[in-house]
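Asker: Could you put the whole structure together from the sequences, leaning on the hints where they help?
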Amino acid sequence: MAEHSVWKSGITLAIIAAFCTAIVALTWQLTAERIETNKKEWLERSLQPALAGLFFDSPVTESMLTIPPPHGLPGSEAAIIYRVYAGIEPVAALFVVSARDGYAGPIRLLIGIAMDGNVTGVRVLEHRETPGLGDRIDLTKSDWVLQFDGHSLRNPEPARWAIRGDGGDFDQLTGASVSPRAVINAIRETLAYFEANRVAVFAAPTQSEDEIATEVD
Amino acid sequence: MSVDLVQRFKSGLWHDNPGLVQLLGLCPLLAVTTTFVNGLGLGMATLAALMASNALVSATRRWIRPEIRVPIYVLIIASLVTCIELIFKALFPDLDRSLGIFIPLIVTNCAIVARAEVFASRNPVGTSIVDGLVMGSGFALLLMTIGAFRELLGQGSLFSRMDLLFGGEPVRGIVLAENGWLLIVMPPGAFFSLALAIAAKNAIDRRRKDARTTLSRRARTLNR
Chain L
1 MAEHSVWKSG ITLAIIAAFC TAIVALTWQL TAERIETNKK EWLERSLQPA LAGLFFDSPV
61 TESMLTIPPP HGLPGSEAAI IYRVYAGIEP VAALFVVSAR DGYAGPIRLL IGIAMDGNVT
121 GVRVLEHRET PGLGDRIDLT KSDWVLQFDG HSLRNPEPAR WAIRGDGGDF DQLTGASVSP
181 RAVINAIRET LAYFEANRVA VFAAPTQSED EIATEVD
Chain P
1 MSVDLVQRFK SGLWHDNPGL VQLLGLCPLL AVTTTFVNGL GLGMATLAAL MASNALVSAT
61 RRWIRPEIRV PIYVLIIASL VTCIELIFKA LFPDLDRSLG IFIPLIVTNC AIVARAEVFA
121 SRNPVGTSIV DGLVMGSGFA LLLMTIGAFR ELLGQGSLFS RMDLLFGGEP VRGIVLAENG
181 WLLIVMPPGA FFSLALAIAA KNAIDRRRKD ARTTLSRRAR TLNR
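Heads up: the protein sequence lines correspond to chains L and P, in order. For the first sequence, our numbering gives the first residue as 1, with consecutive numbering after it. For the second sequence, our numbering gives the first residue as 1, with consecutive numbering after it.
What the hints contain is simulated information worked out from the structure, not anything from laboratory work. Idealized CB from N, CA, C, for every residue including glycine. Among the hints, a few may not be true.
[To be verified] Not close to chain L: a few residues of chain P, all C-beta gaps over 10 Å, as computed:
hint	residue
1	5
2	15
3	21
4	23
5	87
6	101
7	110
8	124
9	133
10	137
11	162
12	174
13	182
14	188
15	202
[What the hints assert, rightly or not] Distance condition first, Cα-Cα at most 30 Å in a straight line; then the derived DSS-like pairs of lysine-lysine:
hint	chain 1	residue 1	chain 2	residue 2
16	P	89	L	39
17	P	201	L	40
18	P	201	P	10
[What the hints assert, rightly or not] A partial selection of chain P residues facing chain L, derived with a Cβ cut-off under 10 Å:
hint	residue
19	55
20	56
21	60
22	76
23	80
24	179
Answerer: What follows is the structure in structure tokens.
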């Protein structure tokens, strides 16, 4: 009798497990395509703001380049570069780099630089800075990050790429200097990298679609 | 029936509120309620999970032997939450990104297992779905209230980032002040806010009780 009930329980469990798996599989089937499109769209959309005022005519995500460390860019993880073209003419490069010295871990940044070395836009992609203080580097919290647009390593000179408190030209955030300092340093280093490697950046071959997919994940 | 329904809503939203009274599901409650929209999003997801799990547990209650009920509840709840997560990723990708790990973590919300065990395993499907609706609404309302409270005090805004749910351009909501009281947005603020909510509920209950006793005393004096 006892054995019988163990079997019965096992079978019940198996049937319900199969049923649950079926529900999940079905939902996955119905949503997979949409989720994939969402991911791509989100990436493309999140890259656009760093390209303010530029003309380009191809999806940015198609020209991705991943550089494993060590790479001379800010951050200890792999850096990502998207090359932006108008026709075959390169117009800008987008860098996804990490500022190491944030207040609470690395700050993932998107930095757009036009061919002439001017910043076209900076966005904070990921951060864990203190809410209400350092998190105002994020555009959803304040406009702080917009002040870099149009600046380059000649305007101002590299030594003045710092917050005003450190003798630089850029605004800091009330009550927070660590996060702004980290962001500004990362932008300056990225600008310097672009100056030095401009040709190499655009010469490198684009990765295939599959590689990109795994990088994005 | 309708009187019964009203009673059950009162119980779910107030007298037996899963968050306020039973203190279940505190992990998501404390963690995501930094803004109203986060509270609303997670509240809706939990509500859906609770209704679906109550329905399934109730529908299978005749075949579930008591000794295997817990693994079965876990199976049912985990698969339903996975489905909800996939649906969120497909329909509200931005909100999903904002809630992060807390959608999958609905699995660990004890309020759901508790309703399966206490209610759905003993009642017909229809009543169980209503129970899920009632309890889920109670939980969701609490999430929204605490989310609104923390957003208002902590960031000085209300209904910011509603675009996460409804699409469109990022919005900052109703901005009342540029800066808020930081502590409230940080983890300790979550505990303070919940404590205030519980204290407020208890105060209201006591006042009502006092009012009732005064009323009956007055009635007695009048009768004399």
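Asker: Minimum Cβ separation between residue 124 (chain P) and chain L greater than 10 Å?
Answerer: Fine: 19 Å to the nearest Cβ keeps residue 124 (chain P) off the interface.
Asker: Can the restraint linking residue 201 (chain P) and residue 10 (chain P) be considered satisfied, given a maximum Cα separation of 30 Å?
Answerer: holds, 13 Å
Asker: Compute the least Cβ-Cβ separation between residue 15 (chain P) and chain L, then decide whether it is above 10 Å.
Answerer: holds, 33 Å
Asker: Residue 55 (chain P) was flagged as interface toward chain L. Is the shortest Cβ-Cβ separation under 10 Å?
Answerer: Result: violated, 12 Å to nearest chain L Cβ.
Asker: Hint residue 60 (chain P) vs chain L: min CB-CB distance below 10 Å?
Answerer: Residue 60 (chain P) check passes; min Cβ-Cβ to chain L is 7 Å, inside 10 Å.
Asker: Beyond 10 Å from chain L, beta-carbon-wise, is residue 21 (chain P)?
Answerer: holds, 29 Å
Asker: Using Cβ atoms and 10 Å as the threshold, tell me whether residue 137 (chain P) really stays out of contact range of chain L.
Answerer: holds, 24 Å
Asker: Against chain L, does residue 110 (chain P) hold up as non-interface, every C-beta pair farther apart than 10 Å?
Answerer: holds, 20 Å
Asker: Determine whether the non-interface label on residue 133 (chain P) survives the test: each CB of chain L must be over 10 Å from its CB.
Answerer: Answer for residue 133 (chain P): holds, closest chain L Cβ roughly 20 Å.
Asker: Find the nearest Cβ of chain L to the Cβ of residue 87 (chain P) and say whether that gap is larger than 10 Å.
Answerer: violated, 6 Å
Asker: Does residue 174 (chain P) sit more than 10 Å from chain L, CB to CB?
Answerer: holds, 15 Å
Asker: Should the hint that residue 80 (chain P) touches chain L count as held when the rule is a Cβ pair under 10 Å?
Answerer: Hint on residue 80 (chain P): holds, closest Cβ of chain L at ~7 Å, below 10 Å.
Hint check: violations occur at hints 5, 13, 17 and 19; the rest are consistent with the structure.
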